[in-house]
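Student: The primary structure of each chain is shown beneath.
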Amino acid sequence: MTNKAKLLQGDEAVVEGAIAAGARFFAGYPITPASEIAEGLAEKLPVHGGKFIQMEDELASMACIIGASLSGLKSITATSGPGFSLKQENLGLGMMIEAPCVVVNVQRVGPSTGLPTSPSQGDVMQAKWGTHGDHPVIALAPSSVKETFELTVKAFNFAERFRMPVILLLDEIVGHMREKVVLPKQEDIEIWDRKKPEVGPEDFNPYEETEDHIPPMPAYGEGYRYHTTGLFHDKTGFPRGTTEDAKKLMDRLMAKIEENMDIISLYETDIRDEDEVVVLAYGSTMRSVINAVDRARDEGINAGWIKLKTIWPFPEDIVKKISQDVNTIIVPELNRGQLIKEVKEHVFGNAEVRGINKYDGTLIKPDEILDLIREVK
Amino acid sequence: MKYDIDEFFRQDKLPHIWCPGCGHGTIMANLARAIDKADIDPNKTVVVSGIGCSGRASGYMNFDTLHTTHGRAIAFATGIKLANPELNVIVISGDGDGTAIGGNHLIHGARRNIDLTVVLMNNHIYGMTSGQFSPMTPTGANATTSPYGNIDQNFDLADLTKASGASFIARGTAFNTRQLIEIFEGGLLHKGFSFIEAISQCPVNYGRRNNIDTAVEMLKWQKESSVNIKKWDKLSDEEKKGKFPTGVIYKEDKREYTEMYQEIIDSVQKEA
Chain S
1 MTNKAKLLQG DEAVVEGAIA AGARFFAGYP ITPASEIAEG LAEKLPVHGG
51 KFIQMEDELA SMACIIGASL SGLKSITATS GPGFSLKQEN LGLGMMIEAP
101 CVVVNVQRVG PSTGLPTSPS QGDVMQAKWG THGDHPVIAL APSSVKETFE
151 LTVKAFNFAE RFRMPVILLL DEIVGHMREK VVLPKQEDIE IWDRKKPEVG
201 PEDFNPYEET EDHIPPMPAY GEGYRYHTTG LFHDKTGFPR GTTEDAKKLM
251 DRLMAKIEEN MDIISLYETD IRDEDEVVVL AYGSTMRSVI NAVDRARDEG
301 INAGWIKLKT IWPFPEDIVK KISQDVNTII VPELNRGQLI KEVKEHVFGN
351 AEVRGINKYD GTLIKPDEIL DLIREVK
Chain R
1001 MKYDIDEFFR QDKLPHIWCP GCGHGTIMAN LARAIDKADI DPNKTVVVSG
1051 IGCSGRASGY MNFDTLHTTH GRAIAFATGI KLANPELNVI VISGDGDGTA
1101 IGGNHLIHGA RRNIDLTVVL MNNHIYGMTS GQFSPMTPTG ANATTSPYGN
1151 IDQNFDLADL TKASGASFIA RGTAFNTRQL IEIFEGGLLH KGFSFIEAIS
1201 QCPVNYGRRN NIDTAVEMLK WQKESSVNIK KWDKLSDEEK KGKFPTGVIY
1251 KEDKREYTEM YQEIIDSVQK EA
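Residue numbers (our numbering), protein chains in the order written: chain S, 1 to 377; chain R, 1001 to 1272.
Everything labelled a hint here was simulated from the structure, so no lab data went into it.
Note that this is a predicted model, so its numbers are computed, not measured.
The C-beta atom is built at its ideal place from N, Cα and C for all residues, glycine as well.
Mixed in with the good hints, there may be bad ones.
[As the list claims (entries may be wrong)] Cross-link-like lysine-lysine pairs, in silico, DSS-like; alpha carbons within 25 Å at most:
#1 Lys358(S) <-> Lys377(S)
#2 Lys6(S) <-> Lys195(S)
#3 Lys235(S) <-> Lys1162(R)
#4 Lys1220(R) <-> Lys185(S)
#5 Lys1231(R) <-> Lys1243(R)
#6 Lys1270(R) <-> Lys44(S)
#7 Lys1013(R) <-> Lys247(S)
#8 Lys1251(R) <-> Lys235(S)
#9 Lys1240(R) <-> Lys1191(R)
#10 Lys196(S) <-> Lys1044(R)
#11 Lys309(S) <-> Lys180(S)
#12 Lys1240(R) <-> Lys1162(R)
#13 Lys195(S) <-> Lys1162(R)
#14 Lys248(S) <-> Lys1013(R)
[As the list claims (entries may be wrong)] Pulled a few chain S residues facing chain R out of the computed Cβ check, cut under 7 Å:
#15 Ile19
#16 Gly22
#17 Phe25
#18 Ala42
#19 Val47
#20 Lys51
#21 Ile53
#22 Glu56
#23 Pro216
#24 Thr229
#25 Phe232
#26 Asn357
#27 Tyr359
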């Protein structure tokens, strides 16, 4: 027997996904178009024994979920552009101290207050470079309500598995759109929990170099009495102020991502051998892409698509591969061209790369994509 | 009383980095003595600090310790405590960290009356960055960013936290060790938001620029300016000038945040 179909919006799917993934802590601050996530979790978390807290600001919300994570709970916050900007410093601390947590950004048009109720994909580069300094980033971008549920669970799993904050980039369309979805049964959902130490407090180093570069993590109160700091630190967790420690730690943080690209890179393709034009997109834009490609094929045009669910780390291998097989890659985005730069870098001149960009709060229509497919075919 | 505090320090991290004459080491040691006296479980105790001279305390203390971003320690501590209310959560902050960049978290932590013990080491200056004025630098004082005298006015932190809803408010000094241990102990054992302002001295970055040349002189100032709260109310306005009350200034039994949240959980789970 399967679960009953539900009519859910993307923000509500985040709530369902978080609960299913085992999240038991939310801290946040009201903001359009992400408030429904806070509202949903305020209602559902206590039912599951979890905790919800509305904080005094966005910075405090980010701080609070990191604190809860250190106490051992899977934790999440949700915001939109202005709040995402405010969270950046503490997000950087989360990456530095390797605190598993999930940060949802339901993107609206920026900069500044911008267009609060209109969709955007303008925070793609901020997700990658928002906090200061080099740092590892995982960012996932769902294109439908069902995918939002799936990628919320994935975001928690990646956060726990790789011991780091994971960013879930919705856009206002996905966040507010309602779709019929059948959620999987709890026992069919794959769940990852953070690795716990196998040694006692005497032999424990909180940032030990392990084969997979991921140090085991006890919860506060379990007797390990360890130190954590945003300063560069050695395996004991303490700063020594040496350049050697700084490089070693940064290389390990990045290795967690670089050596697991095959696990982290999530995408789908519909590309046939004969296809010469491929449309690459992510998030809500993908919905227009599939319609446009279907219609192009009806016209006999050899077109296909690739949908990125993981945008950071950029799934460069698949883009490199496709670029060798096709003449043109079209990249529609709800911004002035952010991820297209990454595509161009990895296409390396093998194919022509063309953008379609909207940044006025309106959507990219299937016709606009189809017109460009016809032009470049 | 004899205190057993060696276990509460990471011996290999000492001596501390604070300057000769600084009051922070005294305050930290007295906090450890209070932890010993209050007999709280060190394995269930977390110390959270922010950035600045006070921020370094977490590294020396042998508990689960978290050195956070500037000003945000109370927000991190709120997550730690709400996620696991069994934990004793102590925040160590400074006057810049806790009342300027972190002022919002201070008033909202107090408003929630969440069970944290906040120790604010007030040395009246940004010491780590070498002497800029803080919200607690006295009006008229010299600092590197007030070369013509500070025109900013100060918070009365007891008034501020009282108005914000804190249920245990106290002030002590690095000079008066016995009193400081007592109020720390009171704060640790109090269920609710405990705020303790611990007056410290910074001879290097405050005293030196303000004609109070030595730590001894600064400690003498602490002694002469502080009046026990029991005597404070008997003073005339004229007598209160240039002085401040110390001891437990306010205490109230009030519902605590994490307990109230647990009641919500219990009630919705019962309904379900």
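Student: A separate judgement is required for each hint: does it hold in the structure or not?
Tutor: The hints, checked one at a time:
Simply put, Lys358(S) and Lys377(S) have alpha-carbon atoms about 22 Å apart, close enough for the 25 Å limit, and the pair holds. Proposed proximity of Lys6(S) and Lys195(S) is contradicted: the alpha carbons are some 34 Å apart, above 25 Å. Note on Lys235(S) and Lys1162(R): the hinted pairing is violated, with a Cα-Cα distance of about 42 Å set against a maximum of 25 Å. This hinted pair does not check out: Lys1220(R) and Lys185(S) have alpha carbons roughly 70 Å apart, beyond 25 Å.
With a C-alpha separation of about 12 Å, the suggested pairing of Lys1231(R) with Lys1243(R) holds against the 25 Å cut-off. For a cut-off of 25 Å, the pair hint linking Lys1270(R) to Lys44(S) stands: about 14 Å separates their Cα positions. For a cut-off of 25 Å, the pair hint linking Lys1013(R) to Lys247(S) stands: about 23 Å separates their Cα positions. A threshold of 25 Å between alpha carbons decides the hint, and for Lys1251(R) with Lys235(S) the separation of about 43 Å lies outside it, so the pair is violated.
Between Lys1240(R) and Lys1191(R), the direct Cα distance comes to roughly 31 Å. Violation of the 25 Å bound is thereby established for this hinted pair. Pair hint Lys196(S) plus Lys1044(R) holds up; C-alpha atoms about 18 Å apart against a cutoff of 25 Å. The straight-line distance between the Cα atoms of Lys309(S) and Lys180(S) is roughly 20 Å, inside the 25 Å bound, and the hint therefore holds. This hinted pair checks out: Lys1240(R) and Lys1162(R) have alpha carbons roughly 20 Å apart, not beyond 25 Å.
For the suggested pair Lys195(S) and Lys1162(R), the alpha carbons sit about 43 Å apart, so the restraint of at most 25 Å is broken. The straight-line distance between the Cα atoms of Lys248(S) and Lys1013(R) is roughly 22 Å, inside the 25 Å bound, and the hint therefore holds. A least Cβ separation of about 13 Å between Ile19(S) and chain R goes past the 7 Å threshold, and the interface hint is therefore violated. A hinted interface residue such as Gly22(S) counts as satisfied when its beta carbon comes closer than 7 Å to some beta carbon of chain R; here the least separation is about 13 Å, so the hint is violated.
At about 6 Å, the closest approach between the beta carbon of Phe25(S) and any beta carbon in chain R falls short of 7 Å, and the interface hint on this residue holds. With its C-beta approaching chain R no nearer than about 10 Å, Ala42(S) sits outside the 7 Å limit, and its interface hint is violated. Interface restraint check: Val47(S) against chain R, minimum CB-CB distance 5 Å, threshold 7 Å, status holds. Proximity of Lys51(S) to chain R holds as hinted, the smallest CB-CB distance being about 5 Å (cut-off 7 Å).
Evaluation of the Ile53(S) hint against chain R yields a held restraint, the C-beta minimum of about 6 Å falling below 7 Å. About 4 Å separates the beta-carbon of Glu56(S) from the nearest beta-carbon of chain R, less than 7 Å, and the hint is met. Using the Cβ-Cβ criterion of 7 Å, the hint placing Pro216(S) at the interface with chain R is not satisfied: the shortest such distance is roughly 15 Å. With its C-beta approaching chain R no nearer than about 4 Å, Thr229(S) sits inside the 7 Å limit, and its interface hint holds.
For Phe232(S), the interface hint is violated, since its Cβ never comes within 7 Å of a Cβ in chain R; the closest pair sits about 12 Å apart. The interface hint given for Asn357(S) is violated, since its Cβ lies 35 Å from the closest Cβ of chain R, which is over the 7 Å cut-off. The restraint placing Tyr359(S) at the interface with chain R is violated, with a minimum CB-CB distance near 32 Å, outside the 7 Å limit.
When held up to the earlier numbered hints, the structure conflicts with 2, 3, 4, 8, 9, 13, 15, 16, 18, 23, 25, 26, 27 and fits the remainder.
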